[in-house]
Amino acid sequence: MAPNQADAILELPLSVVSRVDVGRLLREVEALDSFLKQSAIREPGTPIKLPRTSRLLDEMVQNNKLNVLHEDSRQRLTSFLEEVRNHAPTLHMSFSADPSPAFTQRLITWLRSEIHPIVLLQVGLQPNIGAGSVVRTTNKYFDFSLRSRFKQKGDVLTQLLKEGSVAQ
Amino acid sequence: MSIWGLVLILVAIGAAAASFIWLALTLNGSPRKAKDSTDALTHGAEQDVERIFNEEFREELRNRGRLHFEKIIGENAMFLQQDLRLTTSELNEYMKSEITQKLQEEFAKYEQSITDAKTLALESISKTQEAIEEQRQIMGSQLLKEIDTEKQRLVKRFEDNMADIVNHYVLMAIGDQIDLSDQLEFILSDLDANKEAIIKDISDGA
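As given, the protein sequences belong to chains S and V, one line each in that order.
Position 78, counted from 1, in the first sequence is what the working numbering calls 78; the numbers after and before it change by one each time, with no gaps.
To convert a position in the second sequence, counted from 1, into the working numbering, add 1000.
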């Protein structure tokens, strides 16, 4: 189920990659909302200190030009994040090594521009694939690894090796 | 003089006395007279006998008989001793020769037994060695056959999995050497090539 039109206006920052990040962001927004609601019933003039927000939330707010001091914005953010957490498509991608943050950001940029604007990415590690990646969507499995390429071209390699051994 | 001579003398003396008494009795006519004369003769004969065979004479006869008996006993003992010595030496010689012969026979049998046992043992060892050698040759040929079969199997397995082995080797060799950042274009091109399928799967959902 795709997010509704009001929620689609918002965009996920590139630093929000996985469902875990979304959950963390959602908890933070809920905590902030609770804090601000409690502050509203305090005696006027009492100094309050706002909780420190994370880099994820800062990016989210800045990218979407939201004001978290307004309850509407917080409510919109919360409902958007809940929608993303519950219904955003997730791609599982495995690599031969741990990807760097820059690599992940470039990848998520491409995925959100080409595949789906709120797609999430679950990164895995498979050292035996050599190079490339293994992608798993909801119902499909795509093996883009070097191991798979080698396996597909195994007959050619065998033939070449046999010819080489006979020639020697 | 032997004891038999002495006995003959005594018998002769007794016969002379008996004839003298018989003559005296024959010469007297009446029984009474004859009886008296017989008694007188008997008494006289007894006196004569007593006088002739007095105690000294008897002692002399006993001494002489004892000495003669001792002499005969001594001579016989000597003969018996000689015979005994001779018999003993002959017996010793006989026993020695018999024992020697028996021992030689037994030793010969024992030596023959040892020789037979040695021959049997040598034959057995020889047969065992032959069997071991035969078994060794069989096992050697079997081992060579097994090795050859295993070699062929390994070669066939290697040929069958050669591509996998090379792939594995290449992956292990270069897997750590290719930086993920260098692979990004390659990964994105693969994703781009399958973009439609991915979008379709995401849109259709579970």
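Errors might be hidden in some of the hints.
Using C-beta positions, here's what the derived DEER-type ranges look like [stated by the list, open to error]:
1. S/K140 x V/D1148: 27 to 35 Å
2. S/L160 x V/I1147: 48 to 56 Å
3. V/S1181 x S/E114: 18 to 26 Å
4. S/R52 x V/Q1177: 27 to 35 Å
5. S/A40 x V/I1199: 56 to 64 Å
6. V/Q1177 x S/W110: 22 to 30 Å
7. S/P101 x V/Q1177: 20 to 28 Å
8. V/S1189 x S/S100: 40 to 48 Å
9. V/Q1177 x S/K153: 19 to 27 Å
10. S/K140 x V/I1147: 46 to 54 Å
11. V/H1168 x S/E114: 28 to 36 Å
What the hints contain is simulated information worked out from the structure, not anything from laboratory work.
Ideal Cβ placement from N, Cα and C applies to all residues, glycine included.
Please check whether S/R52 and V/Q1177 have a Cβ separation lying inside 27 to 35 Å. Since S/R52 and V/Q1177 have Cβ atoms about 42 Å apart, the given range 27 to 35 Å is violated.
Hint says 46 to 54 Å; check whether the CB-CB distance for S/K140 and V/I1147 agrees. Holds, since S/K140 and V/I1147 (Cβ atoms, about 49 Å apart) stay within the stated range.
Does the hinted range 40 to 48 Å hold for V/S1189 and S/S100 at CB? The hinted range 40 to 48 Å is violated for V/S1189 and S/S100, with Cβ atoms some 19 Å apart.
For the range 18 to 26 Å, tell me whether the beta carbons of V/S1181 and S/E114 fit it or not. holds (19 Å)
Hint says 48 to 56 Å; check whether the CB-CB distance for S/L160 and V/I1147 agrees. Given range 48 to 56 Å: violated, Cβ gap about 30 Å.
Outcome for the supplied range 20 to 28 Å, where the beta carbon pair is S/P101 and V/Q1177: For S/P101 and V/Q1177 the Cβ distance comes to about 22 Å; the hint holds.
Holds or violated: 27 to 35 Å for the Cβ distance of S/K140 and V/D1148? violated (49 Å)
So the hint says 19 to 27 Å: do the beta-carbon atoms of V/Q1177 and S/K153 match that? Hint holds: Cβ distance 20 Å, inside 19 to 27 Å.
Taking the Cβ atom of S/A40 and the Cβ atom of V/I1199, is their distance within the range 56 to 64 Å? Check failed, 44 Å falls outside 56 to 64 Å.
Do the beta carbons of V/Q1177 and S/W110 sit within 22 to 30 Å of each other? holds (25 Å)
Check the following: the C-beta atoms of V/H1168 and S/E114 are separated by a distance inside 28 to 36 Å. holds (33 Å)
Of the numbered hints stated above, those contradicted by the structure are hints 1, 2, 4, 5, 8, listed in ascending order.
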